[in-house]
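For reference, the chains in residue letters:
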Amino acid sequence: MPLRLVKFALSPEHSEPPMFRPPDRLKSSYDAVIIGAGGHGLAAAYYLARDHGIRDVAVLERSYLGGGNTGRNTTIIRSNYLTPEGVKFYDESVRTWQDLSQDFDLNLFYANRGHFTLAHTDASVRTMRWRAEVNKHYGIDSELVSPDQVQQACPQLDLSCGGKAPIQAALYHAPGSIARHDAVAWGYGRGADQRGVEIHQQTEVTGITVKSGRVTAVQTTKGQIETPRVLCAVAGFTPRLLAMVGLRSPLVIHPLQAMVSEPMKPWLNPIVVSGSLHVYVSQTARGELVMGASLDPYELHSTRSTLEFVEGLAARMLELFPFLSQAKVVRQWGGMADMTPDFAPIMGKTPIQGFYLDAGWGTWGFKATPVCGKTMAYTVANDQNHKLITEFSLERFTNYALLGEKGAASVGH
Amino acid sequence: MKLMTCPLNGTRPISEFAYGGELRQEPAVTVSDQSWAEYLFYRNGAPGIKQEWWCHTPSNTWFIAERDTARDAVLRTFLFESEVQE
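Chains A and B, in that order, give the protein sequences.
The opening residue of the first sequence carries number 1 in the numbering used here; numbering runs sequentially from there.
The opening residue of the second sequence carries number 1 in the numbering used here; numbering runs sequentially from there.
If you are wondering where the hints come from, they were derived from the structure by calculation, not from laboratory data.
Some hints here could point you the wrong way.
Sample of chain A residues facing chain B (criterion: CB under 10 Å; computed from the structure) [what the hints assert, rightly or not]:
1. L26
2. S28
3. V245
4. R286
5. G287
6. E288
7. L318
With the Cβ distance kept under 8 Å, some of the chain B side facing chain A (calculated, not the full set) [as the list claims (entries may be wrong)]:
8. F41
9. A46
10. Q51
11. W53
12. E66
13. T69
14. A73
The beta-carbon is built from N, C-alpha and C at its ideal position, and this holds for glycine as well.
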């Protein structure tokens, strides 16, 4: 338990100091500018200041801190991916997550629950087996389990799924966890702020100046900033930012929606995912079920949510958990996912000197927050791609070196 | 957007339609590997008014929709054969 929490519980007063300094005026120049105050951008700022001594950094956010996909995801943390590149990368992230609460002295409600990916068809059993073997090879705790073992961990689950898609096996990943997503942004934000990084909310980037292939300045709604280094960590807004510097990419924006039920007594300990039914669900510490589904089927730059989504997801939830038929959905929302053709991210240096990209995080970015922060901070500080991200470069598409993470990245593809 | 107008079958619920991606010009087969990769993988990801392939699935009618991808509003729909070919 963080020490601060103990002190807080024992103290007669329960005032909460502000997490960040009030925003100062933008200076006219910074050593580095990070666009996007979500988990990834703030984590990069934090590690730049903590590990690389680069503290003259401005983090620019068009809206409010953590208000994009950091605050809109379903908070699942796991490393049971399919490609060696992916597995190594996410494993590093999971290990960082485990002591992040101590690092921040802030309770992230990090809860290790175990993660079941259900297989309803022969084809998905085969993929699960493949993932389990790749994972084991890299020392990651993943195994194929029988329906009985699933039933034991989750007695409420209808193994026959209403008779339509009986569960044949599951991939069990013991390190699978959830965490409180807002707190992650606050923790990184506060840590960066304490080390001298400036976080400017309500500051939208309107242009980026590139002179002879090199970034020189960023224009914002609050004035111009001279800077030699820009890190772009803006998820669904990436194509607009790339247009400002004249780069092309494979990114296409699709909305991803999620919803939350009313709180109920704890009954669901593990995280349950079904690729065939397009469902993933976990129960938070507050007792709400957090549920997500697959992407909306067509490109859209909006965070609107739809009735069709709630109807569809609720129906598929009932296939798995028929006893929930009386449970109420209390909130729904959407986020803009920046999708790549191979379901792996785009990270690192770009053809423009001083312009670094942390994008293509589609529907799988939250779990990678710490390792993205670390590797991007390294990349920005040294102007050299960190060894964990070299395979994720933008050039992989024109080199025909795609990664093929589709089978493990999310559901319903 | 909950309705879409198929040029042949009229206005129908969006659930009857499938999205087929942005209308793009295929380069000649003799282009460099680099240009071919850009054609295969790169997309115009920024929001705006785009011409897209859509299919009315019950009748398997492929057509073009002009859609504002920021507002999710369809401006017009038409058959590829009737307008796009030059």
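Cross-check of the supplied hints:
1. The restraint placing A/L26 at the interface with chain B is violated, with a minimum CB-CB distance near 25 Å, outside the 10 Å limit.
2. With 10 Å as the threshold, the beta carbon of A/S28 stays out of range of chain B, its nearest partner Cβ sitting at about 29 Å, so the hint is violated.
3. Interface restraint check: A/V245 against chain B, minimum CB-CB distance 12 Å, threshold 10 Å, status violated.
4. Residue-level restraint check for A/R286 is violated (minimum Cβ-Cβ distance to chain B is 32 Å; threshold 10 Å).
5. With a least beta-carbon distance of about 33 Å to chain B, the hint placing A/G287 at the interface is violated under the 10 Å criterion.
6. The interface hint given for A/E288 is broken, as the beta carbon of that residue sits about 28 Å from the closest beta carbon of chain B, more than 10 Å.
7. Taken as an interface hint, A/L318 does not check out: its beta carbon lies about 19 Å from the nearest beta carbon of chain B, beyond 10 Å.
8. Annotation: interface hint on B/F41 holds; nearest CB of chain A at approximately 4 Å, less than 8 Å.
9. The interface hint given for B/A46 holds, since its Cβ lies 4 Å from the closest Cβ of chain A, which is under the 8 Å cut-off.
10. Proximity of B/Q51 to chain A is violated relative to the hint, the smallest CB-CB distance being about 12 Å (cut-off 8 Å).
11. Taking 8 Å as the C-beta contact cut-off toward chain A, the hint placing B/W53 at the interface is violated, the least distance being around 11 Å.
12. Hint on B/E66 is violated. Least Cβ distance to chain A is approximately 13 Å, over the 8 Å limit.
13. Using the Cβ-Cβ criterion of 8 Å, the hint placing B/T69 at the interface with chain A is satisfied: the shortest such distance is roughly 5 Å.
14. Interface hint at B/A73: violated, since its Cβ lies 11 Å from the closest Cβ of chain A, which is beyond the 8 Å cut-off.
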